[in-house]
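Visitor: Each chain, letter by letter, is given below.
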Amino acid sequence: MKTPRSPVATGVALVLAAAGLFAVVPTLFAREGSHAEIERGRYLVAAGDCAACHTNERGQAFAGGRAVPTPFGTIYSTNITPDGPTGIGNWTSDDFYRAMHEGIGPDGEHFYPAFPYPWYTKLTRADVDAIRAYLATLAPVRQQNKPTELPWPFDVREVMAGWNALYFKEGTFRSNPQKSAEWNLGAYLVEGLGHCGACHSPKNFAGAPKRDKAFQGGYGENWYATSLGGDLHDGLGQWTAGDIVQYLKTGANKRAAAFGPMAEVVHDSTQYLDEQDLHAIAVYLKDLPPHESPTRPATTTTADTGDKPDADRVARGRGVYLDDCAGCHMENGEGIAGVFPPLKGNNVVQAKDPETVVHVVLTGQNTAVTHENPTGLAMPAFDWKLSNDQIADLVTYLRSTWGNQGGAIDAGKVADTRKTLVAARTK
Amino acid sequence: MRFIASRRRLLKAALIPSAASVMPLRFVPNASAEPVSAPGQFSYFTPVEFTWVDAAVSRLIPNDDLGPGAKEAGVATFIDRQLSGPYGRAETWYMQGPWKEGTKEQGYQLKLTPAQLYRTAIADIDDWCSKNGKRPFAELDAATQDKMLHDLEKGEIKLARAPAKDFFQMLVQNTVEGFLADPMYGGNREFIGWKLIGFPGPRYNYIAEIDDYGKRYAMPTVGLLGRDGTRVKES
Amino acid sequence: MATRLPPVDVVLVGFGWTASILGQELTDAGLQVLALERGAFRDTVPDFATTQIQDELRYAVRNELFEEPERETLTFRNSMDQTALPMRHLGSFKPAAGAGGAGVHWNGQNWRFLPTDFLTRSHTEQRYGKNFIPADMTIQDWGVTYEELEPYYDRFEYLCGISGQAGNVNGQIHDGGNPFEGVRKRGYPLPPLKRSYGTVLFDKAAKEAGYKPFPCPAANTSKAYKNIYGVQMGECTFCGYCEWFGCGNYSKSSPQTTIFPVLLHKDNFELRTHASVTKVLLDSTGKRATGVVYVDLQGREYEQPADLVILTAFAQHNVHLLLLSGIGKPYDPKSGQGVVGRNYAYQITSSVDVFLNEIVNPFMGAGALGQAIDEFNGDNFDHGPEKFVGGGYIALWTTGGRPILQHHLPKDTPKWGSGWKKAMADNYLRTVSIATHGSVMSYRDAYCDLDPTYRDVYGNPLLRLTFDFHDNEHRMSKFLTDKAAGIAKAMKPRAMHVNQREGHYTIIPYQTTHNTGGAIMGTDPHTSAVNRYLQSWDVPNVFVVGSCAFPQNAGYNPTGTVGALAYWAANAIRSQYMKKPGPLVSA
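Chains as they are written, first to last, in the numbering used here: chain D, 617 to 1043; chain G, 24 to 258; chain R, 870 to 1456.
Rather than coming from a laboratory, the hints here were simulated on the basis of the structure. A portion of the hints provided could be inaccurate.
Cβ-Cβ distance ranges computed for the label pairs, FRET-style [stated by the list, open to error]: (1) D:V1038 to G:D150: 49 to 57 Å; (2) D:W1000 to G:E114: 57 to 65 Å; (3) R:F1250 to G:E95: 34 to 42 Å; (4) G:D251 to D:V1038: 19 to 27 Å.
Backbone N, C-alpha and C fix where the C-beta goes; we use that ideal spot for every residue, glycine too.
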């Protein structure tokens, strides 16, 4: 049976059609508000993971009010249900498109790029209309939007005009004719609705992604989102396209398990994408260049990062590992494929910024729960059990053993992460 | 409205949280595991009682040519903390009357909580010493103490209030516990008990070693709080 | 006035193994199911985390995962001429409290009963004559056969990921398995666990003695396993803290590790914790349950209406509830009439400690890591010369070497002093123990009823247990112990110490939590409380699921059979009761 075309693939075809590369096929245009358009909108909303911000924990669907932390303060997501006075029920189709495409509201107010319009700008008009059609089917919720908690001058929205001028490049996705249709589909997803760069790209002081280092890893809120580039150690260089698909679909593969913010992404969004779209994402990601020198060998037996760890520290770290971690991650660091992620060859362990691995050791984590993988295996917290010195020794051991490369870390780093995590919990 | 006959008891029982019901995501070590901040400060015992128990456990598991014993291992401190906690107060035990002496098959039927049994028995034993022309138990020589402990064990010393055999049995049981429990509870200091027998402490993976038949396990002793075993991590 | 709540299709009382199985099966059938658990919610992380669970004092000695007698216990006496007194702290058996029930803290020793076990009376009479059974031994056939239960044993084994070696697959005997087991359609889902040194030595000695030893079926996974519901388990790492503890790395089969992830997320399932059911409510005819009453931690009462009430608490709590609710005629030992409380049984165990020269590292173990022989179980041998009914397996288990409670010392070792110290130092690393696990038949004078004096924290009378070992059990146990001693001798130890079970049954030292009977299944409503589908004869919309259904206890740990019965009952509800609610068996 021929697999049905994904809604996104349809969208891309429209773009390509608009670029004149293909003849316009009238049957591709769904009638506005039709069932097909609404279903496409539902799918796109899952792909864009709108609920991650617009649905508050224990709140009503898409009614907003969720605190979204930014480096400059907290903003609250808005009500995008069809309620007139407090939601987007009175917005026109052009209003909604302008919001998604330019980051500007119906009264000309600027949105903060915590709402990822710099990525959503790439969406086609038809896709944005489909999203709007789906949102219009939601139960309207009467809930006033909460004001932001930003200090001056950031609470003055007009400031964003300046930010946009410097950092925002408005524009619908343009396919790259030198790449395959599948690559372009992946690009449309990753650079558009997926807004992966919002976490996975490094940011400048103003919180804007550094375009020349796209997807090479980004820090935010006690997490370091790993590089999605082709590096063999701290990127996806060792992952196959199949690994990427499996991770996004089920939350785990033989190399990794999704936890923290990615567990939410997989649970709310990527597990609902179809095989074709997931594979396109994988093709796109596998095409990202490594940011390290390609001549560095895949495995070495000693750390080689200039920060050669002290043998005593590594020995102490090994002791902590055998006493505390081997029950799941096994003595050889290989874990159990698909169950407990291996630490050997693990890109999170070897990430340039060890924030994530320190965070995980301190707090433990729950892995993603998906339809294919409902178990939600969890790791316990070690913050009460291990000191900063012990965690620093442990992570140094992990980053320099089994061929891993990542360099030593010091106890001060652990102390800082611990402090900010406690502050975040008690806020 | 249907009357709940023992609402107070129900509420009291409800105020005892199980660790699992109260705690969100963090383990808090047993409350009675707080480090003793100054010598002579005890959670439950009076100084006299502590000295008594320390003397008794020194005979039950003595310091000898096999190495340190219960005293060095801090067993008296362990018992002191246990008695000040839910075990000492028999919080999870059924302590409703009527109280009857049962058959030996029917188990513990005393009205006394463990904490009360210790307090009563210690006073009774020193009282017995005094009435029998002896100095208090803690001041006797080792041989005399041993004889007294044997007599208590056999029920051959009749105490005024506390049943001697029941007390002795509990004392031995708590001494073994204190000698061999994780050091965070105040006993088994420096892993004295575990090192005597060759128990390396709690670890979670023996896949490689379990079929290495006959081989002594070489890893250093570890406790739930690590290889130095005794302190909750502060930093 | 109890607050009346919105009705549900099914209410489950207690949330352990049987409730989890029935909850999963009945929600799959589209029913709306509510489980009421008196204890707290518990899950692998944080409650059984590897970081803190290996704490012998907290969990094995101070019993943190168990029911608190302060809230609910029972009274006990050996015989009717005594006054029953409260079990004031846990001893002989340790019921659980909290989500997952005993499935959290069991060892994972998982067996099928023998085909003859389900026909204890008729088979014994047929082979040995009616007079072989003493007049006061009230054993009965179950009303269900092994062959009928076989697919449900299988389902429970594939739910759990049992590690084992099959002995009899479709009539073909497989080397290395249990040659005496009932016919199974297929092998175990996982291969046997790695062997510890103790089990290897036992295996060799047992073979030399002419027996056919086999690895004990284990609910400890030998490999990572994804079960029948798509739930993922880990791999056992032999940490040695199984019984009394939760498993920290998802490798012991429990409701948490096999069912919770799929059940708890369902829209048609709800779990309420800290909800103690005190009574099943009946309508004015007394023949239909309308729901249950439960009490929360503040003492507030609630009435929960339901179409179907399933008692899935620990065996004796089920019996207690039946008595408190007036469901079924209470058993009177003097007249022999009545059914609720009838045929209580237990397990009779003994051991032989074996002091070896070799280092066996007892602290490396798993709850069901063992090697067994079954030559002396059930009716696997000729009872004619022995003149007792029953039998048991003999196994060397290496479940762990937890220092406070799991050390064995030679006979006549002083209980304290330098002699004790030396014995500990000399023996801890070099000792194993062979266990016998014997059946207990039912007797006219072994039963449960309500205590006249003592009450629980809700003001309800405690359950009263009257029980002792009979001559039949002592002789059978001695027989097993002698055989075990024979194998111990063949291990050529430095020394051995036979721990014969002697004298009266006592409530103090821990033996097993294999309390059975009191709400037994059968074909005759005059001698059973529930029919062959575990449905109450008296109140057809009440089912009672657990080892309380066993008419007598066999020579195996009960959980495998309890799991099979839960699936069997679930199937009867789905395929018959839901289509036509009412008695499934005509009385």
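Visitor: Give a verdict on every hint.
Guide: Now for the hints, and whether the structure bears them out:
At roughly 53 Å, the beta-carbon separation of D:V1038 and G:D150 lies within the given 49 to 57 Å, and the hint holds. Between D:W1000 and G:E114 the beta carbon distance is about 24 Å. The supplied range of 57 to 65 Å is therefore violated. Taken as a hint, the range 34 to 42 Å is violated for the pair R:F1250 and G:E95, whose Cβ atoms sit roughly 53 Å apart. Taking 19 to 27 Å as the suggested C-beta distance range, the pair G:D251 and D:V1038 conforms, at roughly 24 Å.
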